[in-house]
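**Q** For reference, the chains in residue letters:
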Amino acid sequence: MSVERKLESLGLVMPDIEKQYRTNPTGARFRSHLAHGNALYISGSIAMKDGTRYMTGVLGKDLSIEHGYEAARYAALHCLGIAKFALGDLDRVTQALQLIGYVNSADGFSEQPRVINGATDLLVELYGEAGMPTRAAIGCHGLAANNSVELVLTLLFSGTEVRSPLAREKIAAAR
Amino acid sequence: MSVERKLESLGLVMPDIEKQYRTNPTGARFRSHLAHGNALYISGSIAMKDGTRYMTGVLGKDLSIEHGYEAARYAALHCLGIAKFALGDLDRVTQALQLIGYVNSADGFSEQPRVINGATDLLVELYGEAGMPTRAAIGCHGLAANNSVELVLTLLFSGTEVRSPLAREKIAAAR
Amino acid sequence: MSVERKLESLGLVMPDIEKQYRTNPTGARFRSHLAHGNALYISGSIAMKDGTRYMTGVLGKDLSIEHGYEAARYAALHCLGIAKFALGDLDRVTQALQLIGYVNSADGFSEQPRVINGATDLLVELYGEAGMPTRAAIGCHGLAANNSVELVLTLLFSGTEVRSPLAREKIAAAR
Numbered sequence: 058m059s060v061e062r063k064l065e066s067l068g069l070v071m072p073d074i075e076k077q078y079r080t081n082p083t084g085a086r087f088r089s090h091l092a093h094g095n096a097l098y099i100s101g102s103i104a105m106k107d108g109t110r111y112m113t114g115v116l117g118k119d120l121s122i123e124h125g126y127e128a129a130r131y132a133a134l135h136c137l138g139i140a141k142f143a144l145g146d147l148d149r150v151t152q153a154l155q156l157i158g159y160v161n162s163a164d165g166f167s168e169q170p171r172v173i174n175g176a177t178d179l180l181v182e183l184y185g186e187a188g189m190p191t192r193a194a195i196g197c198h199g200l201a202a203n204n205s206v207e208l209v210l211t212l213l214f215s216g217t218e219v220r221s222p223l224a225r226e227k228i229a230a231a232r
Numbered sequence: 058m059s060v061e062r063k064l065e066s067l068g069l070v071m072p073d074i075e076k077q078y079r080t081n082p083t084g085a086r087f088r089s090h091l092a093h094g095n096a097l098y099i100s101g102s103i104a105m106k107d108g109t110r111y112m113t114g115v116l117g118k119d120l121s122i123e124h125g126y127e128a129a130r131y132a133a134l135h136c137l138g139i140a141k142f143a144l145g146d147l148d149r150v151t152q153a154l155q156l157i158g159y160v161n162s163a164d165g166f167s168e169q170p171r172v173i174n175g176a177t178d179l180l181v182e183l184y185g186e187a188g189m190p191t192r193a194a195i196g197c198h199g200l201a202a203n204n205s206v207e208l209v210l211t212l213l214f215s216g217t218e219v220r221s222p223l224a225r226e227k228i229a230a231a232r
Numbered sequence: 058m059s060v061e062r063k064l065e066s067l068g069l070v071m072p073d074i075e076k077q078y079r080t081n082p083t084g085a086r087f088r089s090h091l092a093h094g095n096a097l098y099i100s101g102s103i104a105m106k107d108g109t110r111y112m113t114g115v116l117g118k119d120l121s122i123e124h125g126y127e128a129a130r131y132a133a134l135h136c137l138g139i140a141k142f143a144l145g146d147l148d149r150v151t152q153a154l155q156l157i158g159y160v161n162s163a164d165g166f167s168e169q170p171r172v173i174n175g176a177t178d179l180l181v182e183l184y185g186e187a188g189m190p191t192r193a194a195i196g197c198h199g200l201a202a203n204n205s206v207e208l209v210l211t212l213l214f215s216g217t218e219v220r221s222p223l224a225r226e227k228i229a230a231a232r
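Protein chains in written order, with the working numbering: chain D, 58 to 232; chain C, 58 to 232; chain W, 58 to 232.
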């Protein structure tokens, strides 16, 4: 079964990355992804669902571990949305190489791994062993727009064609 | 116009990286940069101006977003100072691959992207599309000497010659 | 003198990485390491001594800089334990490429570099110049199980054989 079919069977809908990159509330300039050799670098990704930010808040204050787990799952889906845009086919992903998961954490919260499990569990459900990256789960102090989780993921892929990255361009009025 | 001429026209003066690496208040041992293939890894860089740290403090407490933006701009200039030292010519940079921007953040501050925009705006002013990296903007909880922003930047470059990195060596008395 | 002999002469005992990866209190799924070309990516590593977590707590509140330094030293030893598992021989390490050191920091703590020096000092004691990586020292807000330091290290190595990474698999009952 293809990775996209597996996503469907899990009831997960790929986010509309192009639509998302057309909005730019902070006037930022960066790209969705860049390939270097057969490594795909993906920009910091947050949880989106139905086109809006999902499960925002601070772990250990506003959100339970289960909420954070869900946020990490959807943030990983967001990464996969970019990978799909870049590679055309999610089955071209050969290995999740590195995942750094930042968890927006209240004072004293130390369950970052159980939160980031939401991301790695999804990757393993889809890719098996190839979905198990090297990983770190770090408590951070604030994320854009009060997001709860941000993932920085690097994937390895087969083949050579990579679609030009989406550019989040500065919007004059935004700053 | 060369990248260095563009920097001049923006009124920006490249930091003296060699002088900076000769001082070592924390007795640290690390290098300014290392090349791996055609990727240049640059050590965490903070804002310097006229040889001293610039715009120190915590976002959301001591500093406004505009101050943080300025700090990120100068931290990016610091990265470019290292790239100039390493590559000899800033026009050898072919792509900004990945930028992780850490913003020293007070409780509840969530405008990290608008701060890190100071770095990516400068890169785009100098390099156009090639200056747009993949990016993450992360709120952190403390940086060396109360710096407000620290950037970890990886660049791609053309050609093969790379100058030996500056080594920040341990100074016995420093610890 | 081999790197392992140097470790012995420093009185440092390599952690039992295999034993450690068999336990999985948070039900996480990730790998100890992955090789990409001649770069070895190592998962976020914390301080272990005699099979248990070592020097836990928050810098600037529970722990002194000296304690944090010690934690960083043992976290680097943990990384080397993974490198030994992966490469068979620590003398195959040719360069420490990048070290991102996260320091669990109390409000106002800004001595992250003096903490992470514990890691880079050990690498330099063992490898000389080749042990000096590019580096960043970042204050974070919470780490798994109240660990004080977490390191994300990338090494370059010679030769081609790399042992299959240890997988921290999910344990059904753990979540």
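Misleading hints may appear alongside valid ones.
Identical copies carry no separate label here, and so any pair may be met within one copy or between two of them.
Claimed, not checked - With a Cα cut of at most 25 angstroms, we get these calculated DMTMM-like pairs of lysine to aspartate or glutamate:
#1 Lys118 <-> Glu186
#2 Lys141 <-> Glu186
#3 Lys63 <-> Asp148
#4 Lys118 <-> Glu65
#5 Lys63 <-> Asp164
#6 Lys118 <-> Asp146
#7 Lys118 <-> Asp164
#8 Lys106 <-> Asp178
#9 Lys227 <-> Glu182
#10 Lys141 <-> Asp178
#11 Lys227 <-> Asp164
#12 Lys76 <-> Glu186
#13 Lys227 <-> Asp148
#14 Lys76 <-> Asp148
#15 Lys118 <-> Asp148
#16 Lys118 <-> Glu182
#17 Lys118 <-> Glu218
#18 Lys76 <-> Glu123
#19 Lys76 <-> Asp164
Everything labelled a hint here was simulated from the structure, so no lab data went into it. None of the values given here were measured: they were computed from a predicted structure.
**Q** Compare the structure with each hint and give your call.
**A** Against the structure, the hints come out as follows:
| no. | hint | in the structure |
| --- | --- | --- |
| 1 | Lys118 <-> Glu186 | neither (34 angstroms within a copy, 40 angstroms between copies) |
| 2 | Lys141 <-> Glu186 | both (20 angstroms within a copy, 22 angstroms between copies) |
| 3 | Lys63 <-> Asp148 | within (11 angstroms within a copy, 43 angstroms between copies) |
| 4 | Lys118 <-> Glu65 | neither (32 angstroms within a copy, 45 angstroms between copies) |
| 5 | Lys63 <-> Asp164 | neither (38 angstroms within a copy, 39 angstroms between copies) |
| 6 | Lys118 <-> Asp146 | neither (39 angstroms within a copy, 45 angstroms between copies) |
| 7 | Lys118 <-> Asp164 | both (9 angstroms within a copy, 12 angstroms between copies) |
| 8 | Lys106 <-> Asp178 | within (18 angstroms within a copy, 29 angstroms between copies) |
| 9 | Lys227 <-> Glu182 | between (37 angstroms within a copy, 11 angstroms between copies) |
| 10 | Lys141 <-> Asp178 | within (19 angstroms within a copy, 27 angstroms between copies) |
| 11 | Lys227 <-> Asp164 | neither (34 angstroms within a copy, 27 angstroms between copies) |
| 12 | Lys76 <-> Glu186 | between (32 angstroms within a copy, 20 angstroms between copies) |
| 13 | Lys227 <-> Asp148 | between (33 angstroms within a copy, 23 angstroms between copies) |
| 14 | Lys76 <-> Asp148 | within (23 angstroms within a copy, 33 angstroms between copies) |
| 15 | Lys118 <-> Asp148 | neither (38 angstroms within a copy, 46 angstroms between copies) |
| 16 | Lys118 <-> Glu182 | neither (29 angstroms within a copy, 40 angstroms between copies) |
| 17 | Lys118 <-> Glu218 | neither (44 angstroms within a copy, 46 angstroms between copies) |
| 18 | Lys76 <-> Glu123 | neither (28 angstroms within a copy, 28 angstroms between copies) |
| 19 | Lys76 <-> Asp164 | neither (35 angstroms within a copy, 31 angstroms between copies) |
In summary, the numbered hints that this structure violates are 1, 4, 5, 6, 11, 15, 16, 17, 18 and 19.
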